[in-house]
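Enquirer: Sequences and hints are given; from them, build the entire structure.
There are 2 protein chains.
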Amino acid sequence: MTDAKAPKSEQTRTLILETALRLFQERGYDKTTMRAIAQEAGVSTGNAYYYFSSKEHLVQGFYDRIAAEHQAAVRPVLDKETDLQARLAGVLKAWLDIAAPYHEFAAQFFKNAADPESPLSPFSPESEHAREAAIDVHREVLAGSKSKVAPELVDILPELMWLSQMGLVLYWVFDRSDGRERSHRLAERGAHLTTRGVSLARFRVLRPLVLEVHELFTDFLPGMAQTATARKR
Amino acid sequence: MTDAKAPKSEQTRTLILETALRLFQERGYDKTTMRAIAQEAGVSTGNAYYYFSSKEHLVQGFYDRIAAEHQAAVRPVLDKETDLQARLAGVLKAWLDIAAPYHEFAAQFFKNAADPESPLSPFSPESEHAREAAIDVHREVLAGSKSKVAPELVDILPELMWLSQMGLVLYWVFDRSDGRERSHRLAERGAHLTTRGVSLARFRVLRPLVLEVHELFTDFLPGMAQTATARKR
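Chains Z and W, in that order, give the protein sequences. Position 135 of the first sequence, counting from 1, maps to 135 under the UniProt record's numbering, and the rest follow consecutively. Position 43 of the second sequence, counting from 1, maps to 43 under the UniProt record's numbering, and the rest follow consecutively.
Hints listed in this document are in silico derivations from the structure and should not be mistaken for laboratory results. The beta carbon of each residue, even a glycine, is placed where N, CA and C say it ideally should be. You can trust all of the hints, since none of them are fake.
Some chain Z residues flagged as far from chain W (calculated, every beta-carbon gap over 12 Å):
1) T33
2) E132
3) R139
Computed, partial: chain Z to chain W, Cβ under 10 Å:
4) A107
5) D115
6) V205
Expert: Spelled out as structure tokens, the structure:
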């Protein structure tokens, strides 16, 4: 996947990242050292550290790549559909398709990422870049749909939609069905449920509950408050 | 904790269980064998297998014990309080207190239990006994409160309340705050949120959403459907 037209430094960066992902998959994340990654990629250890200052940074590089591929893959559905449920289901299923090659890696790597205090957690301050890109997709899912949304929920619903995507990711990590068929069905069902929730959030009596759910997540997950603050800047 | 007045077989069972928990904590769950547990407990390996046919069964024994201790510990709050939020917060905080000695064990053991297909998952068919006992507590939380509940939600809400308790357990596993102080605050906040949700579920327009959330969980978590079926028997 190394692009010959990209600048040399970009090519080296991609080479190191792809070598790391292959070694993580072959040897396990915990057992793979930066030195082994550099050696296998044919660069000096110092050079590898220049691009990624730790193994954790390599995983952030992986998250960023998945997020970028996902942003490209959702264009057809987001440019065409105006129905919220179809937009959301399309976005979730595009993610499952992009992540498919990494399923085995994700399962062995999960125990490192499940800890919210780990830099590898999707909720960590270190993951903010990839998280913001992923939440941006959900902002567009909502903004481009014909669903009406209360002004006080416009900023909050995309973060909750992203959280429900994290629920799908957790389910997918352990999904052993052929072609992750069960995860695809969960994506469809989740999109239906979320659309119903968004539709009910029109009712004034329900909005405080939505706000309280969101507040609970931002108060208890380390990186979420930071994301919420970044949104207000 | 071995009770001198209990029958001999009950004493042996308790001895094996407590030895296993200690070894899991000292050596890690994966590295502890049934043979080592038997040896350390001073019984034959055959005898250990008579009481627990696998390591997984030892963990079920652990779950059952926690559930039984919890059922006893919630008596004061459930006999006294009629306010739903106070009942629920009391029940959640009693669980945190009972589980406190096992926090270190829970963290290292988590990766085995997080997989919904594992017999150690709280959602597995194998965990049904402990899960039913835990859901029973939530049935009583709701039934003994002065909150009004729609008839079609009476069976469903306790299972959803138990699911939110599983969310708290997940948070607690990774909670490194002194005395798990953050988990205690999450228990309070979660009880407030759930009470608000139960109160809103009086509105007819919201009930289909609650039913759909519950249906999603029973369709996608292996043991939940079984629990739902058992409830109807």
